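J.: Using my numbering, you'd call the opening residue of the sequence shown number 461 and step up by one each time.
The list that follows gives simulated cross-link-like pairs (lysine to aspartate or glutamate, EDC-like), each with its CA atoms no further than 20 Å apart: (1) Lys549 / Asp496; (2) Lys1074 / Asp1058; (3) Lys1118 / Glu1143; (4) Lys968 / Glu599; (5) Lys1078 / Glu1092; (6) Lys1185 / Glu730; (7) Lys514 / Asp483; (8) Lys1185 / Asp1158; (9) Lys913 / Asp871; (10) Lys527 / Asp1068; (11) Lys1061 / Asp496; (12) Lys613 / Glu584; (13) Lys613 / Asp995; (14) Lys613 / Asp586; (15) Lys968 / Glu601; (16) Lys544 / Asp732; (17) Lys1108 / Asp995; (18) Lys676 / Asp914; (19) Lys1016 / Asp871; (20) Lys497 / Glu1060; (21) Lys1185 / Glu1092; (22) Lys1061 / Glu1045.
It should be emphasised that the hints constitute simulated quantities derived from the structure, not laboratory data.
Given the structure is predicted, the values throughout are model-derived calculations rather than measurements.
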Amino acid sequence: MLYPLFSIFVCTMSFSGKASGEDRKAYIVYMGAIPDKVYSPTSHHFSILQSVLKGSSVSNSFVRSYKRSFNGFVAKLTDKERLKLASLKGIVSVFPDKTYQTLTTRSWDFMGFHETMNRNPTVESDTIVGVFDTGIWPESESFSDKGFGPPPKKWKGACSGENFTCNNKIIGARYYKSWLMPGEDSPRDDEGHGTHTASTAAGNNVKDASFYGLAKGTARGGVPSARIAAYKVCGIDGCTGQSILAAFDDAIADGVDIITVSLGQNSAEEFDADAIAVGAFHAMERGILTLNSAGNYGPALGTVASVAPWLMTVAASSIDRRIIDKVVLGNGTTIIGTAVNSFTLNGASFPLVHGKNASSQCSDSMAGACDPECLDSGLVKGKIVLCDTSRGRKEAFRAGALGSVTTGGLDDVSFVVQLPASNLNHEDYMAVLSYLNSIEDPQATILRSEDLKDSTAPVVASFSSRGPNILTPDILKPDISAPGVDILAAYPPEVSPSNSPDDKRRVKYNVLTGTSMACPHVAGAAAYVKTFHPDWSPSAIKSSLMTTALLMNNTKNANREFDYGSGHVNPIKAINPGLVYEALEGDYIKFLCSIGYDEEKVRLISGDNSTCPKDSDKGSPKDLNYPSMIAEVPTGKSFQVEFHRRVKNVGDANSTYKANIFLTSGLGIKVVPDVLCFKSLNEEKAFDVSVKGHGLSDKSIVSASLVWTDGTHRVGSPIVLHNIKPTRSFEAKWD
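Whole structure, please, built from the sequences with the hints as guidance.
T.: Put into structure tokens, the structure is as follows:
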């Protein structure tokens, strides 16, 4: 994921060894495709390094090669060596090895994707989902291989590491040592995130799963008969770019069909300097779709970090189940808060104390917030502590409080808590504080959490990263929304469910929240589509999911398509979309040319004789054959924007589609031609969309939708015009 309980940051690893008085840092040297000739990658990499290193050993600088699916290596370099290396012929980019962070009972049913849905079991059993994450817990019932035959013949992967055994469900597992995980020797998940995402995407059906009775039901993945290949690229402190690229290098060659990556950064990076974008491009070349979480930096605009058009970027939204818990005051008032609280307090009520009155060593503001090491154990024992920040519950737990009531967290999300606790919105918290200050002996109790029906769902979660795409504004991101709030899935029984080392509870299924939880839902849906259409390209699968997505309510999602992209994922409709917008490698190369990549660089990336059009004909990134349409327009000025698209018929051989425009006032939209007649399957037709407007007010967004229909199929595409220019730096919305 972007991971719920950790802030996301970007850093570059420094090494104590010095050359010429400069620190050495780890850099990824990206060289594009592997040359189509007799070629020894590692030997070539050593030779290149030798040409730039002065007075230093190549073996001391060299870290690893990428040589199975694309070309490149990692080395420890000074800044001068980096610059010299970047100037050499044959190098696409040299970029620092950054840190990435990890960013289901009811959720599948909420999407209408029930256990009894039509499946293609033989093909599903031959489908392999690659999961890049914190590893996997192989003993979980979600990964039992009972009833599974041997791995598909196409599988070329491995099962490596100590204290780990694969089976016919988890058919492959690898781990990647790095400066963040120097002692790793196993793909076993000792953090929890990877097990949770893997089971959400492709876990078995497990009945009566729950978290202490909460969220009870059948835990299952989108493709429960599919196989899983786990690639452990992350540990408790995050994931390195070099490990992520190594996993792509292996997974592509191993034979996976879908890759799910619930990892990310805090802002968008240039495509050739982003490990996920680089790896996903080469996966796309080999027919593999990569799914990536949008990020946990919302609700600010421009926070989505996964912006490469060959990736499918997933936002997080709610389902129709919400987990809440209640605070009951001594005067009988009941207040609803948010927490996944499995504890039952014995007794009617308990003393209530504010943090500032439970500290002898901190200022009132620090104690009131329950800052670390502020609370006195003797003053909170047997009491419920009020903390002015949501992070205060950690200090309340450390000090031995009976429970805690906090504020300042996310009102639409419930996290697993390590003691009886509830997080309240500001107004309700102030009401509790007022009660505490109004009587001599304030009392309260915290009830065990319960499930409630949420009729407002789906609504994009407040933390989910939003568009617009700050790197290429003419590509709409995120692409789609999926369940990412209060998701129950498999979890290692040796890891604390609250991520608190002193929390001694252990569970087999846990409730997590984040865009990390949304991403494997769409990965499972993509794998499901692929079981019905094994020969479809990654972009065709992506298009099928986007154009059949359920429309979302704009009154509940203030930023419209910047919140949810094309809408909420709808796996059932996606297997029969009627038409698809297909973009192949050549289309993406043309896209790269349109944003300034030169011919030499795109040839290195593609590994062939790709060419860029002449400057006068390079086109615009908005002309990539994408299932959504977006353009940035000037403020207060009339505009006319043209989009050029083509669709492939994957429905009925003889069919006629009519264009329908669902219009927002103030726009004039024309589609030419507005009728498409197909005579055969896989036939393609081109069309143009012209959008006129009289000018947008500052920082605004307007949208409409184009829907092609033949009476049976509904092929929808959002059309978005905006003039929003956000900044680039954000903080994750986790406590």
